[in-house]
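**Student:** Listed below are the residues making up each chain.
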Amino acid sequence: MNPFTEPITVSHYLIAGAVLFVTGAVCMATKRNALGVLMGIELVLNGANLNFVAFGSKFLRKETLGLDGDLIALFVIVLAAAEAAVALAIALNFYNNHATIDVDQADELKG
Amino acid sequence: MMLLAAINVHSCLFVLFALLACGFAIAVASTNNVVRMAFYLTLSLGATSGLFFLAGSEFVGSMQLMIYVGGTLVLLIFGVMLTAQSRFVSMQTHAGEWVLGLMVGASLLGLLVVASLGVEDWQQKRTDSTSIPLLDAHNSTATGLAFSGVRVDQLDQQDPVLRAGMSGYLLPFVIVSMHLLVVLIGAGYMARTKRMSTSRLPARPIAAPRPDRQRNVLVTALVGIGMVINLVAAIKMFSVVPLRPLIAENKFGPAVSKIWHLIPPLDTAPQWAFVFLGMLFLANVLLLVVVWNWQKWGVIGLVVVPLLQAWVMSQGGFRAMDIGGNLAIGLLPVVLIIALLCTGKRPTMWEQME
Amino acid sequence: MTADSSLAAFLPELVLCATILAMLFVRLFSLGKYVNAFYIALPGTLVALYFAASTGGMLGDAGGAGMHSGERMEIFTGMLVYDSFSVFIRAALLLFVVLFLFFTKISGIPDHDDGPDIYSLVLGATLGMCLMATANHLLMVFLAVEMASVPSYVLAGLMKGRRKASEAALKYAVYGAGAAGVMLYGISLLAGLLNTAHLPTMAVVLSEKIHTLGASEQLVLVFGALLISVGIAFKLSAVPFHFWCPDVFEGATAEVNAFLSVASKAAALALLVRVVLGLGMIAPHSHVPGARTAALSKPAVEKTAAVFNVAHEPARAGENHSPSDAKKPHVVAAAGHDATAALLPVRDFTGKLIALFAVLTCTFGNLAAYGQTNIKRLLAYSTIAHAGYMMMAVAALIALAGVNTASAREAAAALGIYVGVYLFMNLGAFAVVAFLRNAMRSEEITDYAGLIRRCPLTVICFAAILFSLIGLPPLAGFYGKFAIFASLADGYSLLKGSGTGFYLMLLLVVGGINTAISLFYYLRVVKVMTIDPEPRDRQPFTFSDVSLAGAYLWLITLPTFAIMIYPSGLTALARAAAEHLF
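Chains as they are written, first to last, in this note's numbering: chain U, 4 to 114; chain Y, 6 to 359; chain X, 805 to 1386.
Calculated directly from the structure, the hints in this document are not laboratory data. Keep in mind that this is a model prediction, so the values were computed, not measured. Fair warning: there could be bad hints in the mix.
[As the list claims (entries may be wrong)] What follows is a list of derived Cβ distance ranges for each label pair:
id	chain 1	residue 1	chain 2	residue 2	range
1	Y	Val155	U	Glu9	21 to 29 Å
2	Y	Leu223	X	Phe1286	49 to 57 Å
3	X	Ala822	Y	Leu122	46 to 54 Å
4	Y	Leu122	X	Phe829	13 to 21 Å
5	X	Ala1290	Y	Leu223	54 to 62 Å
6	X	Ala1376	Y	Ser262	38 to 46 Å
[Unchecked claim] Computed cross-link-like contacts, BS3-like style, restricted to lysine-lysine with a CA-CA straight-line distance of at most 30 Å:
id	chain 1	residue 1	chain 2	residue 2
7	X	Lys1156	X	Lys1300
8	X	Lys1156	X	Lys1013
9	U	Lys61	X	Lys1013
10	U	Lys65	X	Lys1013
11	Y	Lys301	X	Lys837
12	Y	Lys130	U	Lys65
13	X	Lys1300	X	Lys968
14	Y	Lys130	X	Lys1013
15	X	Lys909	X	Lys968
16	Y	Lys241	Y	Lys301
17	U	Lys61	Y	Lys130
18	X	Lys837	X	Lys909
19	Y	Lys301	X	Lys1013
20	X	Lys1013	X	Lys909
Glycine included, each C-beta is placed from N, C-alpha and C at the ideal position.
Construct the entire structure; sequences and hints are all you get.
**Tutor:** The structure is reproduced here in structure tokens:
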């Protein structure tokens, strides 16, 4: 089909979402920097969000997921923010422990 | 002119934003420099918000820009800046991991694309999308109302099954605030440095007990007598249930029967009360052993047990006088023991206990 | 507030919220800094436990008209479901938290300064776990998993100054967030295919569509289910998504391990049951909040109409009360029977998937536990294996669900019994590890050598707990395992000849073999503690049996013995919990 003349469908959105999801998953699997992995997670969440919005959109088809799609997408945005905050705090804590020379304490409390 | 009219602006914009979002996402995955990754991610997520606008979810799109791009990503970029030492900025991924990741990723993507292109329901085209009434198209009000628990979208939904599935979102809206609070506490905890890093575990191994601890003779006697008395009491309580019918038949002669009836409600109190009382007396014996072994909490237990006994007795329908008497008999020796422990030559026994 | 309103059913969670707020509020005042957060968290949890156990009243219907009998009621416009199963799981979770709080107080972690933070995180995670046990909507599934997980990431890094702890926290956070993201993508596919996110509605839509599904639709369904299973399997630490578990358990403190291995796992199992039954079965009739109270105050004629009103929107609840509606349930019930039969392929698929996970998890967990030298790693693999046993019960449950309701209830009851028993066993095991760590600063199994000469009572407790984890007869663990194996055998005899019957038999055989395998590594620990001589190079330490810690251990070990004296109590509770699932 010609994307410049035909109206777009949910499937097109899903393909875009799938690309985001897969690149995010690849990012999580291959990055060595913890922050890179976190960015991969953000991409995965955005792929899912794109799906939700597309499923709920009235402009793409008649029978839809309805408002549920939009609402779930909003909650995902909030939850992603919370998750990123905690993951970042943990990553920085890890960085502090493993970059500063704190070997004495670490050996003392070996568990 | 004909050509221009045939162009679907909506579709063109979709292609533009989709290419931007996907292209920068791939750029995120393919670069090794974490600073560039953060930048590409910002662009990718920004373009995604364009896709949201195109799908008619302008509220979600603006939230994506404000919270995600404006908040979460800035947070991530802070993280990048805080850890941006040269050796962390660019970390090479092993070639093997790349190959594996690409292979799995490509097959996953192929599967998803085939699946999403194959579902008929998702292939429907809405040709009349320009004729959707503006009132229906904009759903910010409906979103707000859904957060307060009322669904006003699709009021004309005929299918009762689907109508049952239209839930209000008041509970998640409220409970997510609790989640955010807890998460803030957690992030603050992780980020804060510990003030006294030594007080985590008990600073030093618990000091070995002094071997020369001496027990007061009176305390020893009291503990011993208490153990005997409590043991006898426990045996008596456990024997009440089997003995009761025999007493009622007067098998042991009038004298025993007379002693037995000194405490009248023994006939009427339920069986479980005696079982519990017996167990509590046994607990007292154990607690005395504990006190004997220099443990302070045994004394606390000795105070608690008579109170528990009093409660059990009150539930079992004993007379108030008996309850009070039992309480006094139980507590008096404890007070005596505490007094003995706390007096005498320094260091007193109480101070030597753990 | 009426007795069957949404808020009344939600009271335990509300109390937890209030407790978290109270702990924060008290710190605002200078005097409050001297208050140990334990003394705020404990009463709060006790009150929550009281409400969780009493609003259920699941053993009798005290409220009249079946008001409190724990029948299914969808609360908050279908977001959550309240029934006897949720009462059981929430009460078990809160009971565990109460015991856990005492445990942390005795072991001294967290200390006075960190208490408010850590207890807030624990209660926040518990709140999420309660939601996991009651989720009835795909958003709530995701939200609850997040609410339970994110505080747990921080808890894993409780000892934030230590390298291992921060490594454990980072691993847990990264893997956990990834698994949650994958799960969300699966949720989006399922919701998009069925055009609803409300689990019972999804089941109805699926049953209508199932015969006309094309190949691509089936592919999307299977793929979505697989992605969701990744998220749940991660929470359950099921193989192959278990890899985080030993590392996190080794890095985190034993206290946190106890919390993660018991509470998190019980909640994940409850969530698994909710999702699998939600998609694979037509939900039984559900009450509308407030309708029963309203019906009690109305004349008898209108009563039936109000009770059977199935509308969900509060705005519409007042309409449609005509007497003719009273006939509706029978029609619905007949249609529900056909729909349940139509969903057989869904149950078949999820049942086989769970069975596969269970076999892998159980076998791998037991085999990997062999070479461990660190007691926390050993117990981590042991919890993986136990997750496998518990998933077997879920497999039996879903296989029997459409076939024989009574047997399926038995399978659900077996799960409940196992969760109840497992709570005490694992808490006890980690309590021993924590107390010994406080005394001797070591978590290596070799350092436990000859411990019986130093603290015989503690060793006896630990041995009893380990025997119970194996499932040796007189102890509680045997009782739980027997219940699960009995329901598997029951399922096999009912479904003999079919593929389902075969894999139930297979599960039974694998479970038996695994019990035999697990014997050795648990017994090795017991042998080290009792027979081996004390190592000469061990640091001197003092650990007295007669201490608060020892008393706590006895208190926790007691139930493993008590169940052989009074086995019917837990069975009755678990059966009552399972009664309204179908």
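**Student:** A separate judgement is required for each hint: does it hold in the structure or not?
**Tutor:** Hints and how they fare:
For Val155/Y and Glu9/U, the Cβ-Cβ distance of about 37 Å falls outside the hinted range of 21 to 29 Å, so the restraint is violated. The hinted window of 49 to 57 Å between Leu223/Y and Phe1286/X holds, with their beta carbons roughly 53 Å apart. Between Ala822/X and Leu122/Y, the C-beta spacing of about 51 Å keeps the proposed range 46 to 54 Å intact. Remark: the range hint 13 to 21 Å for Leu122/Y to Phe829/X is contradicted by a beta-carbon distance near 55 Å.
For Ala1290/X paired with Leu223/Y, a C-beta distance near 59 Å keeps the hint of 54 to 62 Å intact. Look at Ala1376/X against Ser262/Y: about 40 Å separates their beta carbons, and that is inside 38 to 46 Å. Between Lys1156/X and Lys1300/X the alpha-carbon distance is near 16 Å, which keeps this suggested pair within the 30 Å criterion. Restraint check for Lys1156/X and Lys1013/X: satisfied, since their Cα atoms lie roughly 22 Å apart, inside the 30 Å limit.
Our distance criterion of 30 Å between C-alpha atoms is met by Lys61/U and Lys1013/X, whose separation comes to about 22 Å. For the hint linking Lys65/U to Lys1013/X, the alpha-carbon distance of about 18 Å falls within 30 Å, and the restraint holds. For the suggested pair Lys301/Y and Lys837/X, the alpha carbons sit about 26 Å apart, so the restraint of at most 30 Å is met. Of the supplied pair hints, the one linking Lys130/Y and Lys65/U holds, its CA atoms being roughly 9 Å apart against a limit of 30 Å.
A hinted pair counts as satisfied when its Cα atoms are at most 30 Å apart, and Lys1300/X with Lys968/X does not qualify at roughly 50 Å. For the given pair, Lys130/Y sits about 21 Å from Lys1013/X by alpha-carbon distance, which is consistent with the 30 Å threshold. For the proposed pair Lys909/X and Lys968/X, the alpha carbon gap of about 23 Å is at most 30 Å, so the pair holds. Our distance criterion of 30 Å between C-alpha atoms is met by Lys241/Y and Lys301/Y, whose separation comes to about 29 Å.
A C-alpha spacing of about 11 Å is found between Lys61/U and Lys130/Y, which places the hinted pair at or below 30 Å, so the restraint holds. At roughly 17 Å between alpha-carbon atoms, Lys837/X and Lys909/X fall within 30 Å of each other, so this suggested pair holds. With a CA separation close to 69 Å, the supplied pair Lys301/Y and Lys1013/X exceeds the 30 Å bound. Taken as a hint, the Lys1013/X and Lys909/X pair is broken in the structure, with Cα atoms around 55 Å apart against an allowance of 30 Å.
Hints 1, 4, 13, 19 and 20, counting from the list given before, are not met by this structure.
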